[in-house]
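Number of protein chains: 2
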Amino acid sequence: MHPDAVQRVLGVLLMVFSVTMLPPALVAVVAADGVAEAFLMTFVLLLVLGGLLWLPVRQSRRELRIRDGFFVVAMFWVVLGAAGSLPLVIQNAVPFGFVDALFESVSGLTTTGATVLTGIDSLPLSIRYYRQQLQWLGGMGIIVLAVAILPMLGIGGMQLYRAELPGPVKDAKLTPRIAETAKALWYIYLGLTVVCALAYWAAGMGAFDAVMHAFTTIATGGFSTHDASMGYFDSALIEMIAVVFMIISALNYSLHFMAWRWRSTEPWRSDPELVAFLTVLGIVIALVLGGLLIYQAAHSLLLDETWHHAIFQVVSFATTTGYTTASYYVWPAFLPVLLLFVAVVGGCANSTSGGLKVVRILLLWRQGGREILRLIHPQAQIPVKIGDRPVNERVIDAVWGFFAAYVLLFVLLMLVMLAMGLDQITAFSAVASGLANLGPALGDVAANFASVGAGPKLVMCVAMLMGRLEIFTLLVLFTPAFWRR
Amino acid sequence: MHPDAVQRVLGVLLMVFSVTMLPPALVAVVAADGVAEAFLMTFVLLLVLGGLLWLPVRQSRRELRIRDGFFVVAMFWVVLGAAGSLPLVIQNAVPFGFVDALFESVSGLTTTGATVLTGIDSLPLSIRYYRQQLQWLGGMGIIVLAVAILPMLGIGGMQLYRAELPGPVKDAKLTPRIAETAKALWYIYLGLTVVCALAYWAAGMGAFDAVMHAFTTIATGGFSTHDASMGYFDSALIEMIAVVFMIISALNYSLHFMAWRWRSTEPWRSDPELVAFLTVLGIVIALVLGGLLIYQAAHSLLLDETWHHAIFQVVSFATTTGYTTASYYVWPAFLPVLLLFVAVVGGCANSTSGGLKVVRILLLWRQGGREILRLIHPQAQIPVKIGDRPVNERVIDAVWGFFAAYVLLFVLLMLVMLAMGLDQITAFSAVASGLANLGPALGDVAANFASVGAGPKLVMCVAMLMGRLEIFTLLVLFTPAFWRR
Ligand SMILES: [K+]
Ligand SMILES: [K+]
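If you read the protein sequences in the order shown, they are chains A and B. Here our numbering is used: the first residue of the first sequence is 1, the next is one more, and so on. Here our numbering is used: the first residue of the second sequence is 1001, the next is one more, and so on.
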């Protein structure tokens, strides 16, 4: 660890983050909703705090190294998660305590989208804006984290993409070219947001709502400015626009980057993970549609426009966005659980979506196949391949490690939730949703997390952070070996 | 595949199994309960069927090879599972259909112990005897399967024990020394059963019940001759005797074999899996006891003799025996789910217990630790060790493959159960219990499986067989590569 370098980065981070309080402050002033003071106070607080951290070490020329990387990345979400809760705590007009504010902020920055709020439609406009912006910023952070930083840290097999990455990935030093990669990715991210907002607006959303939902669509975040989420607009066209942009955001941003730089669709067409993801989407949509039709026939119901509810809901879960239109939790028990498992699989690596990631499942599947072949041909040397490329054994090890840690953490957090008094379905679905950065769950927390106590909310914060940081980024900080010189 | 050799083995298997119909027939005659005819008809049927298979190929001198091994092992449980249901189908006095009979038989032979029966206390005596015997025979089969056959087939990392095994394990031919190993193991198994029965009897059980429960204790099966299971006897002494013998049966029988041959306790004392298993038992007992005491204090209850319920129930689940004394499913939600997860971990490898097996979890844990170290020291070569021995990377791969297959199968079977209309808790707990060969579950099937339809019962049969055959033994039969020449 180089404390100087870490301290410098944290200081800069807080100062930059403080600036993000100005747009909601502006919204508050324009809307005259009385929250401007809270945002401005937070701005000053964070700016001063960041400055105090930065000033003493501003001359330090030390570079960040791998080990510092884990610390800085973890701090990014933990410290900014706490910092993001400040306006909600300061603003007395919004009567919830620190735990609720922290939950909302962490849920925003990790692009989870679970909420403790009810009556969102009648909240001050600036707070409705602020939540959406938190997710959009979180999504930005994730893209850089996933594409430029995690592969370098070797987290959970994400070094799979090391060789082909447009970044500093073969370099032991962290800073040199991250800025350049980040800038290109942010242009793509911003561009997608603008196009998505225009499409929503053209389809009939109000301008404010169009931008607000573009923010959380591209971030696969799922926060909405309405309690009814996307169901508020009751429009198949808007839902299909959301479907398109949720899928784009759940694809590997390295592919978008290469397609843009090379002016070619080749990177998309030749990606095995993308093909697998779209195949799974197709199969699950067919299953859900079939399930709903059978259910309707059996109960002599005629649900209105089942087809777009099915498509929208599956894509919303599979991309771990978590918007809802239908009351999916009153569907027959099979379907919501299927949707939860699909969310646990998640989207593609290097995207804003959460979950295990399709490429990891693909890799586990391939290695499962190899194990069976090995049983039949014990002497054969059989490489595991993704596409045409054999995968390094060490990467496979890392993916197994991640998978086991995910399952273990799932069981552990679920038991803690149960011990805190939640029922089995609530505990199971909340942990699944939190770890996958999905948002919606089942049981007592199907609509929101307002009804559970402080304990389960804090456990959810841990789950969301662990999920977002691919577990090991946080886990490694708790090992003695990390702190040993 | 050598069809001749396989056919010969199956024929012999059926003829040997037919003989096991004679003891229950004898019980039926002595008790004059009217079921003798069903057992004798089954005896004749299976003897003739086995003979017809065996006769044409009795001269064949072909040896079984690895690939035939998978087929024979799978057939053992599938064919005998079906064969074992015959007396229950034939006997009209027991009014259940083929699916129920199959469920009961498979549950018996796989030592799962889930039942579709209610009113067990008032069943004909010979049927009460027959169920217990099925489990005892299943347990015998498992010991040989686990110690002598699976390691040779390379299933799920069980070749971990290849080097130290007292068997034909380095030989590509299956038959030569299996008989010798099997005989020694069966002496141990029989010896433990006799001692256990004497202990139960000395503690106050009737002679019949003592033998019957010794059968299913040593098999870690959990069938009982009473609806109330071990709770029927309401005796802390009997429960503690059961605890001792359940633990012994959940330990690695290779250790018992070596300890017996060497006249030494060294094999037990130096086994890392045994130490880990007992440690986990201790921790979970403490958690359950603590949980119950807090629950009682909070609800101003004074449950009678909590301590022995806690110890008995934890050991019963951790060894995947599945006896019950307390109504564990009305304990606060945290505890039954904890017990289920403990059962999913299961007992030690090469024992009669089910689940993932402690040694596999230990291995996954060690490799998880290695992955974290690799993040901090990317260049280091770090071996994974169990005890002092580094573990072959190929074995680790096999264990990961098994773990992933287990999780995937769990999710798949749970979704199928939900699609068949079971609620979430029932589906989750039934699949967990079936795959771990545990027996008890939660929700609608907390007491027994009488209330669910034929579909879920057949799914349970699949789960129980998959769990017992360590998944891959069955899975490999469904791959084209297996059948290719
Ligand atoms: K989300
Ligand atoms: K059992």
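Please note that the accuracy of each hint is not assured.
Stated by the list, open to error - Chain A is faced by these chain B residues, among others (derived, beta-carbon under 10 Å):
| no. | residue |
| --- | --- |
| 1 | PRO1332 |
| 2 | LEU1338 |
| 3 | GLN1424 |
| 4 | ALA1481 |
None of these hints come from the bench; they were simulated from the model. Backbone N, C-alpha and C fix where the C-beta goes; we use that ideal spot for every residue, glycine too.
Going down the list of hints, with the structure as the test:
{"no.": "1", "hint": "PRO1332", "result": "8 Å, holds"}
{"no.": "2", "hint": "LEU1338", "result": "6 Å, holds"}
{"no.": "3", "hint": "GLN1424", "result": "5 Å, holds"}
{"no.": "4", "hint": "ALA1481", "result": "5 Å, holds"}
Against the hints set out earlier in the document, no violation occurs for any number.
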